[in-house]
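In order, the protein sequences belong to chains L and Z. 0 is the number of the first residue of the first sequence in numbering that gives the first Met the number 0; add one for each residue after it. 0 is the number of the first residue of the second sequence in numbering that gives the first Met the number 0; add one for each residue after it.
You may find that some hints are simply not true.
As the list claims (entries may be wrong) - Derived pair list, reagent style EDC-like, types lysine to aspartate or glutamate, alpha-carbon separation capped at 20 Å:
#1 Z:K184 / Z:E97
#2 Z:K72 / L:D270
#3 Z:K184 / Z:D116
#4 Z:K78 / L:D189
What the hints contain is simulated information worked out from the structure, not anything from laboratory work.
The lines below spell out each chain.
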Amino acid sequence: MWLTDFAQNLINGTLLGGLYALIAIGYTMVYGILRLINFAHGDILMWGVYFALYAVVAFGMPWWLGFLVGIALAGFLGFGIEKIAYRPLRNAPRISSLITAIGMSFFLESLAVVVFGGIPKSFNIYPKFFNHTLIFGHLRIQTLTFFILGITFLLLLGVLWLLYRTKTGTAMRAIATDIPTTSLMGANVDRIISLTFIIGSMLAATSGIMWAMRYPQVQPYMGFVPGMKAFVAAVIGGIGSVPGALVGGFLLGMTEILVVGFFPNLAGYRDVFAYVILIVLLMFRPTGIFTVYSEQKV
Amino acid sequence: MSDVLLEIKKLNVFYGAIHAVKGIDIDVKKGEITTLIGANGAGKTSTLNSIVGLVRNKKGNIIYKGKEVSHLKPDAIVKSGIALAPEGRRIFPNLTVEENLQMGAFFRKDVAEVKRDLKWVLELFPRLKERLKQMGGTLSGGEQQMLAIARALMANPQILMMDEPSLGLAPLLVKEVFGVIKRVKREGKTVLLVEQNAAAALSIADYGYVLETGNIVLKGKGKELLANDEVRRAYLGVTV
Ligand SMILES: Nc1ncnc2c1ncn2[C@@H]1O[C@H](COP(=O)(O)OP(=O)(O)OP(=O)(O)O)[C@@H](O)[C@H]1O
Ligand SMILES: [Mg+2]
Numbered sequence: 000m001w002l003t004d005f006a007q008n009l010i011n012g013t014l015l016g017g018l019y020a021l022i023a024i025g026y027t028m029v030y031g032i033l034r035l036i037n038f039a040h041g042d043i044l045m046w047g048v049y050f051a052l053y054a055v056v057a058f059g060m061p062w063w064l065g066f067l068v069g070i071a072l073a074g075f076l077g078f079g080i081e082k083i084a085y086r087p088l089r090n091a092p093r094i095s096s097l098i099t100a101i102g103m104s105f106f107l108e109s110l111a112v113v114v115f116g117g118i119p120k121s122f123n124i125y126p127k128f129f130n131h132t133l134i135f136g137h138l139r140i141q142t143l144t145f146f147i148l149g150i151t152f153l154l155l156l157g158v159l160w161l162l163y164r165t166k167t168g169t170a171m172r173a174i175a176t177d178i179p180t181t182s183l184m185g186a187n188v189d190r191i192i193s194l195t196f197i198i199g200s201m202l203a204a205t206s207g208i209m210w211a212m213r214y215p216q217v218q219p220y221m222g223f224v225p226g227m228k229a230f231v232a233a234v235i236g237g238i239g240s241v242p243g244a245l246v247g248g249f250l251l252g253m254t255e256i257l258v259v260g261f262f263p264n265l266a267g268y269r270d271v272f273a274y275v276i277l278i279v280l281l282m283f284r285p286t287g288i289f290t291v292y293s294e295q296k297v
Numbered sequence: 000m001s002d003v004l005l006e007i008k009k010l011n012v013f014y015g016a017i018h019a020v021k022g023i024d025i026d027v028k029k030g031e032i033t034t035l036i037g038a039n040g041a042g043k044t045s046t047l048n049s050i051v052g053l054v055r056n057k058k059g060n061i062i063y064k065g066k067e068v069s070h071l072k073p074d075a076i077v078k079s080g081i082a083l084a085p086e087g088r089r090i091f092p093n094l095t096v097e098e099n100l101q102m103g104a105f106f107r108k109d110v111a112e113v114k115r116d117l118k119w120v121l122e123l124f125p126r127l128k129e130r131l132k133q134m135g136g137t138l139s140g141g142e143q144q145m146l147a148i149a150r151a152l153m154a155n156p157q158i159l160m161m162d163e164p165s166l167g168l169a170p171l172l173v174k175e176v177f178g179v180i181k182r183v184k185r186e187g188k189t190v191l192l193v194e195q196n197a198a199a200a201l202s203i204a205d206y207g208y209v210l211e212t213g214n215i216v217l218k219g220k221g222k223e224l225l226a227n228d229e230v231r232r233a234y235l236g237v238t239v
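Please model the entire structure based on the sequences and the hints provided.
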């Protein structure tokens, strides 16, 4: 029985960890390239979920198309935010863009309250078969779990492939250490940075939609907690490192679920664990698990 | 005789109140090695960075193949055929040697020729060949300089610009790098070389310019400048 519990929790932890990882990748990619903590990242996630919801509810699209539209529009939102709010500040002191990012986060949340209303909406737009429970011995697993794990796994592979197996990905890693020199390679740096925001935002929206399928409530502040946790995951992994974001995301999701699973009376402190792990880790390894190369030999 | 590939007219560079380059004229002739020498702070790097579009606050004309290019951004300049091995090497420390070289050819679509050029630069710098999978940041200073030159060559440029390629290299390596510059010229490429090592630069250059606090104070054939008393005293450390 203990083993079944453990397996059940392992699955749930992987699930949550995967969702964190998808969000954390966007944080870490943007930070890696621009040294900017995009605090609006979680809010882009929330907008993506609303876009998907309205595409289905108001425009009558099939659920899968609505999801894709929501993800695409989130990408467009990320693109616009970078172009309008962050690009003009690229050479300004870092504190300016940080404050802009915080302002952008408030703006997106408030705008969502105005546009969509503050009352939580139900995210009942996906087909019922996702809620079927499959039983394997003592294990009970929802179809949704397989869906989320499958998509997460594919997207993570896709991001790694992009970063380490394509020219564009190599340029993204080059920009992370040296923007002017990357432009000397004949690369259009603005375009690559835009692409990074688009990809990060689309991953966040994908994660947000899957989040909403699991916890089917949509409201303007729903991006805050996942956004914060993913940020912590990115820092744990070593901010700026994509493999770090993956490891950090899974580590965080797994710990949260396992601790709550085995010490149910600590469930109320669940959100605290993220910060405890963060603080303890930073005491011993201030740069996170994966240290990002930033020094240059002169 | 040979025609001018790159013509710089009345170039001025400003950094806030600092007037770093004060209206200089430089002709870079096709197939030749042109060198720009001068002391620290003379404005050599500012000149190269202006040509390649990294410095935006400038006045004057930069004419490449008969077209004004001073308004273009670095990526457009590089695509048009001018590559720079920048001051301080600026290789990507978090990419492997191979990836650094691939970045040099980032904008190129001619896959087969990129492959051929890769073979060629690895033949020019056999040391890099043994280190293709090594991270750029772990190379020695000399190896990094080779990588910076090799990476610039991967753009298959018509004009290769180099900013102090011999800086910090042991004499033997300096010789090797200057040997490569001569080979690059033999391949039919044009070279614009910025150097503090005036003796070495002038001895391989077809034409040279001497820059002093933003002004060109002397110019002439490489051999002539090498024999010039003023140059010998100021830049070659010879007491005349
Ligand atoms: N970004 C900058 N901001 C302010 N001043 C600058 C900047 N870059 C260069 N300068 C100034 O412009 C002048 C010319 O600098 P430049 O780097 O072109 O000289 P250089 O000839 O390449 O010198 P070195 O041989 O030391 O590399 C110097 O006085 C320098 O201090
Ligand atoms: Mg210089």
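Starting from the hint list further up, note which numbers the structure goes against and sort them upward.
-> 1 and 2
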